[in-house]
Every structure is written in C-alpha cells, then in structure tokens.
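Peer 1: Let's have the full structure, built from the sequences with the hints guiding it.
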Amino acid sequence: MNRLTAVSPAPHPLSEDDESLWRTATEVLDANWRTDHTVPSGTLYPHQWSWDAAFISIGLAHIAPDRAWRDLRSLFEAQWPDGRVPHIVFDLGVAERDYFPGPDFWDVPAMAGRPPRFSTGLVQPPAHALAAWEVYRRAPGDASAEELRRLYPRLVALQDYLIGSRGVSGTGLASIVHPWESGLDNSPSWDMALANVTADEDLLLRYERQDLKRAAADHRPTNDDYARYIAIAATYRNGGYSDADLVDRHLFVVECPAYNSLLGAAEHALARIAAVVGADPAPHRDRAATITRSIVERLYDPESGTFRSLDLKTGRLSTQRCVNGLFPLILGDLPRDIVAQVVAEAESARFGINELMPIPSSDRTADSFDANRYWRGPVWINANWLLARGLAAHGYAGHAATLRTAMLDLVRRSGYYEYFHPITGDGIGAGAFSWTAALVLDMLAEVGPRIGDPGTTRMSRTR
Numbered sequence: 071m072n073r074l075t076a077v078s079p080a081p082h083p084l085s086e087d088d089e090s091l092w093r094t095a096t097e098v099l100d101a102n103w104r105t106d107h108t109v110p111s112g113t114l115y116p117h118q119w120s121w122d123a124a125f126i127s128i129g130l131a132h133i134a135p136d137r138a139w140r141d142l143r144s145l146f147e148a149q150w151p152d153g154r155v156p157h158i159v160f161d162l163g164v165a166e167r168d169y170f171p172g173p174d175f176w177d178v179p180a181m182a183g184r185p186p187r188f189s190t191g192l193v194q195p196p197a198h199a200l201a202a203w204e205v206y207r208r209a210p211g212d213a214s215a216e217e218l219r220r221l222y223p224r225l226v227a228l229q230d231y232l233i234g235s236r237g238v239s240g241t242g243l244a245s246i247v248h249p250w251e252s253g254l255d256n257s258p259s260w261d262m263a264l265a266n267v268t269a270d271e272d273l274l275l276r277y278e279r280q281d282l283k284r285a286a287a288d289h290r291p292t293n294d295d296y297a298r299y300i301a302i303a304a305t306y307r308n309g310g311y312s313d314a315d316l317v318d319r320h321l322f323v324v325e326c327p328a329y330n331s332l333l334g335a336a337e338h339a340l341a342r343i344a345a346v347v348g349a350d351p352a353p354h355r356d357r358a359a360t361i362t363r364s365i366v367e368r369l370y371d372p373e374s375g376t377f378r379s380l381d382l383k384t385g386r387l388s389t390q391r392c393v394n395g396l397f398p399l400i401l402g403d404l405p406r407d408i409v410a411q412v413v414a415e416a417e418s419a420r421f422g423i424n425e426l427m428p429i430p431s432s433d434r435t436a437d438s439f440d441a442n443r444y445w446r447g448p449v450w451i452n453a454n455w456l457l458a459r460g461l462a463a464h465g466y467a468g469h470a471a472t473l474r475t476a477m478l479d480l481v482r483r484s485g486y487y488e489y490f491h492p493i494t495g496d497g498i499g500a501g502a503f504s505w506t507a508a509l510v511l512d513m514l515a516e517v518g519p520r521i522g523d524p525g526t527t528r529m530s531r532t533r
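Each residue of the sequence shown is one higher than the one before, starting from 71 at the first, in our numbering.
One or more hints might be untrue.
To be verified - Label pairs and their in silico Cβ distance ranges:
{"no.": "1", "residue 1": "Arg93", "residue 2": "Arg219", "range": "32 to 40 Å"}
{"no.": "2", "residue 1": "Gly468", "residue 2": "Thr389", "range": "28 to 36 Å"}
{"no.": "3", "residue 1": "Arg386", "residue 2": "Val347", "range": "37 to 45 Å"}
{"no.": "4", "residue 1": "Asp407", "residue 2": "Ala213", "range": "38 to 46 Å"}
{"no.": "5", "residue 1": "Thr389", "residue 2": "Ala419", "range": "12 to 20 Å"}
{"no.": "6", "residue 1": "Glu89", "residue 2": "Asp407", "range": "40 to 48 Å"}
{"no.": "7", "residue 1": "Ser374", "residue 2": "Glu425", "range": "24 to 32 Å"}
{"no.": "8", "residue 1": "Ser90", "residue 2": "Ala314", "range": "48 to 56 Å"}
{"no.": "9", "residue 1": "Thr494", "residue 2": "Asp318", "range": "40 to 48 Å"}
{"no.": "10", "residue 1": "Ser85", "residue 2": "Asp315", "range": "53 to 61 Å"}
{"no.": "11", "residue 1": "Asn308", "residue 2": "Arg363", "range": "33 to 41 Å"}
{"no.": "12", "residue 1": "Glu89", "residue 2": "Thr494", "range": "20 to 28 Å"}
{"no.": "13", "residue 1": "Gly422", "residue 2": "Ser90", "range": "26 to 34 Å"}
If you are wondering where the hints come from, they were derived from the structure by calculation, not from laboratory data.
Computed from a predicted structure; not experimentally measured.
We treat Cβ as the ideally placed atom computed from N, Cα and C, and that holds for glycine.
Peer 2: In structure tokens form, the structure reads like this:
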C-alpha cells in the first residue's frame, strides 16, 4: 500500500490534545486505505460505501488531496449507465463469506466494461457533490479544477437519476426503495412503512448474517428488521433493479427528509461547481429551489415543527421524531420561520444541543428510543457534522460551535467509533471508523464555526 509517510500538519496551531487527535485521525484513514479507496472499517465493512466515501474525502482533503479525489473517482467508476451510484462497490478480492449481503446475493450483471457482481443495485444519500465542492475548496488549484471537470457530468447524471427515475411523486423529490438507501438503516422513521413488510426469519436460515460475528447483537438491527431488509432487497433485485411502477409493485417506497435535503444541497454545490467548470449554474439553482419547496410542502409537519418521512404506498407521514427530521437545516433557502421551529426541536429534551453530548439519532423521550441500537438512539458524527453546518448557515453560530465541541470531546474521550452511546458516550459498533476520523480532521481544521454551503450568512444567533 502507498502509505502516508508523514502526518500533514493542521492548517493552524492546535492544542496538544488536538494535535494528538489530528495525528490519530490521520492514522485511522491511512490504515483504512486500500489502493484506490478507503474502507469504512477494516473489520465490519471491508468494501467501499457510497456516502462514506463522500465524508471520508472531506477529511482526506486536509492531509492527502490526491487520495480524496481518488476515493471519489473510484466510487464513480462504478456508476451505472442509468446514473445511479451503488451504495456498495465490492472489492472482489474479499471473500463472499466476509460480508453479507455480498456480491453473489446482489447478482448485478456486467455493464460498462465492469465484471458481474461488482456492486449492489441500491443507492445512498447523494452527499458527493457537496463533498467534491468541499475538497476543491480545501485544496484549490488546477489539479482540483480538473477533478471537478471530470466528476461534474457524473454528479449531474446521479442527480438526474434520483430526480427522474426515483422521482415517484413528480415533485422533484427522490424516493428510497430500501431503508439502507437512507443511510439511517434501522431508524424508527421507517417503522410504519416496514410494518407492512412480512418478517420471514426463514430468510435468515438461508442467508447468514455476518455483522453479528463482529458486533454485539443488541447494537445492530434486530432479526425481524433484517429479515425485512433482505425481503425488500431481494424483491428489488428480482425485478431487475427497475424503478418502473414502484408504488404499485415494490414493498418499500419512502420520501426521506434527510435524503432529499442532501439532494437539494447537492444541487447548490453543483451550481458552485458549474461556475468553476464553465457550465450553467442556473438549472441547479432552479432544481434546488424546487427540492426545498417540495420538502416543505410534503414532509414538514407544522404541528410538531419537524420534518418526517412519507410512505408513498399509504400516503402517511411517519409519527416518529428522528434526526432525519432536522436535516433540512442544511438547506440555506429553508424559510426562516421553519428554521426557527426545527431549531426549537433540536433544542428540546427530545434531542438537546449541549456541550456534554451531540444530538442522538432519535427522540430520547420516545418508546422506540434504544441507546445501543444503531440509528434508534446512538450519536453519529456525520449527522451532527451536517447539522452543525446547517445551524451555522442559518446564523446559529453558538449552537454550531457547541455541537463541534461536543463531537470533538466525545471522540477524544471514547475514540473513533462508528457511533456512540447517547448517555455514557461509550463507543459502539466498528472502531477506527473512517468517516468519524475524517470529520474530526475537518472540524479541527476549521477556525470558528463554518458557514455552510449553500445559503447566505445571517446575523449570528446564540441562545
């Protein structure tokens, strides 16, 4: 492996504790590098994951910009002819038994010069345009501009696929066809939609879970949930990964506020990228405005002051308050009155913004809250990193700084874990987790709260 021979210095002086964080975060990313991409974890996740690659590239931009761009290029080399970017790109040198569901389960045909079974047929949140812009911003120059020119048409093709083929409602929003596509795999946000999917645990007799060999069962999705996940994935696979008539024939079709917020943020980022590569930014701005308007019209619940997922098969909004309901804060054009209500939700006892602990993945006061189990309660650094950006963009600089402090203190105390117990702060899931390390680097590199892309700077509010 082409290992980093030295730790790149931070862009400004750090305290002794932060210098240690910078060094160890770099070591995590270096250890997880695999020739042309970074794996999320050397144990539980031995392949390349889509939205992981986006977050990882942002951190790599500070220490190895060439690797940041290579990570994104590697991912988009697996892009399908229809524009989708698969949620996992498989390392065909990893044995099938080492990860499930692996290449044989997905049975993706050969296409565009790639071998069969090279990826899944699902997608993940489109954080890639945002990441590409952030890498360029951190490592500007002719080489980065050339990388943007190479990636721009591929990023546009992904957006076209999501807004077109996955635009089931015709409102500019994309639908997800599996909880895994959300990135928030077992969030309570999907409970209502999953209730109509039969949990056939006999599937788990045929398909053995590998995650439970490397992680505690009470930290992972339940067998009932996993059986539903396999059923949904098999249905989509058996339909040839077609997106035609999804509401009528598919088991799970949902509009997620987090997913679509990143879809809108991607259009804002593409407008900025277009200005660099000589393309027209106006269509991206128009699509971003449509996405924000549709998120508000379709997914906002004024009674609770938060956003919720929408089950397109039943037309019902989820009753659960989850962290994905806060994600529209990353949209700089979100109406101010709605911003204030969502911030109030983030400040409430359900989530809480304080320096002791970042925001949990679901409502602390709900019966569905589970402090150990994946997206049903634990703290995730990537979600909080995005929320801090959104808060800063809307003028809540104090809140953004508080989240940043809480995240760095948590990692300093517990390590670079996949996720964290929302009360004790103990690390849970995979250790030496790449996006945690990458986003720590990014937070250490910033001087004061960063104003997020897109959006205009507003007068700072501290509460």
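Peer 1: Could you run down the list of hints and mark each one as holding or not?
Peer 2: Taking the hints in turn, this is what the structure says about them:
Arg93 and Arg219 have their C-beta atoms about 34 Å apart, which keeps the hinted 32 to 40 Å range intact. Gly468 and Thr389 have their C-beta atoms about 31 Å apart, which keeps the hinted 28 to 36 Å range intact. For Arg386 and Val347, the hinted distance range of 37 to 45 Å is satisfied, since their beta carbons lie about 42 Å from each other. Distance hint check for Asp407 and Ala213: the Cβ-Cβ separation is about 43 Å, which falls inside the suggested range of 38 to 46 Å.
The supplied range of 12 to 20 Å is met by Thr389 and Ala419, whose beta-carbon atoms lie about 18 Å from each other. Here the CB-CB span from Glu89 to Asp407 is close to 43 Å, well matched to the stated 40 to 48 Å. Ser374 and Glu425 have their C-beta atoms about 26 Å apart, which keeps the hinted 24 to 32 Å range intact. Checked against the given bound of 48 to 56 Å, the beta carbons of Ser90 and Ala314, roughly 53 Å apart, stay inside it.
Taken as a hint, the range 40 to 48 Å holds for the pair Thr494 and Asp318, whose Cβ atoms sit roughly 46 Å apart. At roughly 57 Å, the beta-carbon separation of Ser85 and Asp315 lies within the given 53 to 61 Å, and the hint holds. Checked against the hint of 33 to 41 Å, the pair Asn308 and Arg363 passes, with Cβ atoms roughly 36 Å apart. Restraint check, Glu89 to Thr494: a C-beta distance of roughly 26 Å satisfies the suggested window 20 to 28 Å.
Take Gly422 and Ser90: their Cβ atoms lie about 28 Å apart, and the range 26 to 34 Å holds.
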